[in-house]
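Residue numbers (the working numbering), protein chains in the order written: chain F, 1 to 283; chain H, 1 to 285; chain G, 1 to 304.
Read the hints as simulated data drawn from the structure, not as lab findings. In this text, a Cβ means the ideal position worked out from N, Cα and C, and glycines have one as well. Watch out, some of these pointers could steer you wrong.
To spell it out: a stretch of chain G is covered by chain H in this simulated footprint if at least three of its residues, at any positions, have a beta carbon under 8 Å from a beta carbon of chain H; those stretches are [what the hints assert, rightly or not]: (1) 113-119; (2) 166-174; (3) 220-231.
If you want the building blocks of each chain, they are given just below.
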Amino acid sequence: MLTTEKLTKSFKTRNAVSDVSLSIPQGQMVGVIGRSGAGKSTLLRMVNRLAEPTDGSITFEGKDVTALRGSALLEWRATCAMVFQQFNLVGRLDVVTNVLTGRLYHHGFVASMLQLFTASERAFAIRALDRLGMAHTALQQADTLSGGQMQRVAIARALVQEPRILLADEPIASLDPLNAKVVMDALRTINREDGITVVCNLHTLDTARSYCDRIIGLKDGVLVFDGTPEKLTQDMAREIYGAEADDAFAEGLTSTSLGGEPAKQRLTERDLAKNAQLGLAAS
Amino acid sequence: MTAATLAGIGPDEIASVRRMHPEAFGTLRGKLVQWAVWVGVIAYVIGSLWYFDVWKFAYASDRVWRLIAAMFTWKDMETWRYADIYTGIAQTLAMAFLGTMLASLAALFIGFFAARNTMPFGPLRHLVRRMLDVLRGVDQLIWGLVFVRAVGLGPLAGVLAIFVSDTGTLSKLYSEAIENIDRKQVEGVRATGAGPIKVVRYGYLPQVLPVFISQSLYFFESSTRSATILGLVGAGGIGMIIIERFRANLFDQVAFVVLNVLVCIFVIDWLSRKVRERFIGETAH
Amino acid sequence: MAAMTYSGDDTVAEFERHRAELLRSKRAMTALFVLLFLAALAASIYVSRFYPDRLASGLPRIFEYFGTIMPNLELDKLLLSRGDDGRAIPGSIAYWYSDFWTYIQLIVETIFMALTATIIGAAGAFLLCFPAARNLAPNSVVFLLSRRFMEICRGVPEILYALVLVFAIGIGPLAGVVAIAIHTAGALGKLFAEVNENASLRPVEGIRGVGGNWFEEMRYGVVPQVMPNFISYTLLRFEINVRASSIVGFVGAGGIGTELNRVISLYSDDRVVAVLLLIVLTVTLIDLLSERLRTHFIGKEHFA
């Protein structure tokens with residue numbers, strides 16, 4: 001169980017995130033939606049403690065995450081993996097070493113400086129790459145890969161961390177629809193098979209509807225919606241996205257034609273909603 | 001796709017992955033090469049230090065501490081002959097200024113002889129370039145030593161040393177600037193029926209002068225640095241005062257002088273940067 | 001129509017006035033600069049006693065001296081080997097270069113000095129450059145400390161360090177090596193830090209995200225990006241250090257400079273050019289070699 005209590009991040013003049021209280025049970029797949037600058041990234045980065053909260057607290061299984069310092073903080077980051085919009089791989093290292101960096105927290109100083117990884121770690125890294133269909137690129141330099149491949153390597157890196165939570169900050173915003181689907185499918189599979197909580201920032205509404213168990217809507221840093229995809233009405237979506245609504249729905253259209261497959265069990269019900277939404281977006 | 005944990009990876013699993021992706025575990029040859037490089041470098045450093053009698057440090061520690069202590073306890077500051085110190089610094093600046101200026105003037109002519117587009121006669125161009133190579137190949141301090149032997153102790157030797165070594169480098173840079181100019185402008189001037197001298201004056205100079213000035217300023221800056229040490233071989237400037245007081249074991253004064261020089265160089269750097277930003281930036285556009 | 005012509009006239013007049021103003025201020029600036037320049041020139045000539053009469057008396061002596069340091073080789077004896085008594089015959093190359101093997105030994109020592117100093121200095125620069133990069137420094141105290149330390153290292157010329165070290169640890173190449181290494185650490189450290197400041201921070205954030213500490217962020221996030229540049233700069237520095245190690249001998253810190261200082265000061269005039277030639281040759285050779293290596297490294301990196 002991951003909970004945030006009145007989590008706030010303020011910059012000089014405004015609040016990027018204000019008073020967000022949430023509680024996410026283990027194993028849930030959560031989509032965070034909102035227009036650009038709504039505070040989605042800041043929220044995720046605070047959970048991973050890449051950004052410091054100004055106020056409020058984060059707890060995970062009774063442990064106060066906001067109070068962690070030093071080694072305990074690093075341990076938390078290792079437990080709480082992060083996938084970035086721009087992949088944040090080390091371009092000049094080969095793919096398997098990039099994946100192995102996911103084990104760094106568990107290494108001593110000398111071993112990590114000398115790039116000494118054990119055989120079982122290497123096997124584990126290859127297995128993780130294999131799950132994402134990337135094992136054949138293991139020895140390539142990471143910056144020779146395409147965006148979609150890089151993101152899959154980044155997910156493999158997150159997997160070898162053996163995390164409890166996986167945070168994905170706009171994982172498909174820099175990808176074409178086909179790769180976006182591959183990456184979202186992978187996140188969904190990891191969530192289902194490994195029981196890892198996935199919290200995913202998504203710009204497009206429809207991807208969130210297709211893949212997530214629960215949707216959280218942020219507007220100007222304030223939590224305005226929290227519930228299942230079915231409960232997210234068109235009016236609510238319009239309110240969340242504001243002026244960007246047409247944009248967000250239209251982008252949804254392109255990835256819908258490819259996405260949605262993994263959540264087949266709810267497809268019929270949601271197809272209706274989708275059609276209604278398309279009509280709405282077109283008018 | 002099956003869920004896996006690191007703990008669940010047994011020897012069988014490792015073996016099967018290794019069979020499919022042997023290179024991912026690192027090849028023996030790769031590892032050997034990597035280690036050999038490291039071992040070689042470290043062995044070289046240790047070996048060469050040993051050859052250079054690194055044990056001397058063990059016997060030196062006492063002297064080092066005394067030296068450092070002497071440098072930081074300033075005594076009898078009223079007897080330090082400050083006039084000499086500041087005259088020395090002024091002399092260093094003057095040497096750098098004169099040397100760079102004369103070198104710039106010389107390079108203004110030599111540069112055109114060393115550039116491909118203004119000196120079409122190959123053999124002469126190559127001769128000039130090789131001579132410039134020799135001027136640059138010999139360190140400024142060596143020129144200083146040579147000129148001290150030729151014209152005696154004092155700033156004249158220093159000015160000549162700076163002049164000679166800066167001429168070598170500036171001429172090369174100038175000739176490169178000349179080779180990089182826009183040919184259309186030169187043709188424009190030539191089309192008016194101007195003679196070769198006038199072509200250089202109106203076709204080349206306006207284009208290259210900003211670059212020349214900026215490079216000369218930069219060299220003035222670097223010459224002030226090098227001029228401070230020319231005195232160590234007797235070629236005038238503050239270096240002479242440093243070595244004279246060092247030989248007299250007046251380490252506190254040496255530290256003071258060096259501090260002054262550092263501040264002075266810092267100010268020159270800053271000034272030169274400002275001037276280049278303000279004026280050359282404008283002229284070049 | 002009439003109104004427009006009128007306003008047009010006005011614009012032209014204003015333009016002319018503005019132009020005249022600009023021209024005047026530009027002329028004033030030029031005059032000011034010429035004046036400043038002349039003042040600086042006069043002051044420089046006065047301070048360094050660079051008077052025409054001194055120059056006139058000095059110049060002939062320069063040519064005279066360059067005459068004396070030229071070897072007196074005689075064409076007919078040029079290639080003669082040593083005589084039966086083991087003495088070289090004056091006028092032959094063997095006589096001119098009778099200390100050839102001593103020079104070679106010193107040249108090799110000079111190159112080794114430069115190499116050792118470059119390796120040690122580059123190692124120091126490598127350790128310093130991460131805290132000294134504005135974007136990577138863990139905190140401002142470490143940043144300022146490492147910056148200032150590097151400034152001290154590179155602010156003082158290596159030959160001054162050599163002078164002090166010769167006093168502290170005695171005459172010999174060790175003082176030269178340490179002096180050049182200190183200066184190299186400062187100079188390379190600054191260049192390395194600048195490379196670091198241009199590195200992408202995305203990989204660094206990626207490593208931070210997996211729970212890596214600061215050292216791991218540097219090792220995995222930054223080092224792979226900057227290494228080719230570091231190697232290239234280090235090779236360049238090696239070229240500079242070969243020059244430096246050939247002159248630190250002037251203050252007794254080892255290498256060929258010791259011999260050059262000796263032959264110049266002891267009036268063994270004909271040997272001066274012999275030693276100088278070897279130095280220029282060595283420096284040129286090292287430059288060529290290092291350039292090859294540099295293009296090899298950078299070329300390979302571009303290829304991959």
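For each hint, the structure was consulted:
1. 113-119: Our answer is that it holds, as 4 residues pass the Cβ test (under 8 Å) against chain H, meeting three.
2. 166-174: The restraint on the stretch 166-174 of chain G holds, since 7 of its residues have a Cβ under 8 Å from chain H and three suffice.
3. 220-231: violated (count 0)
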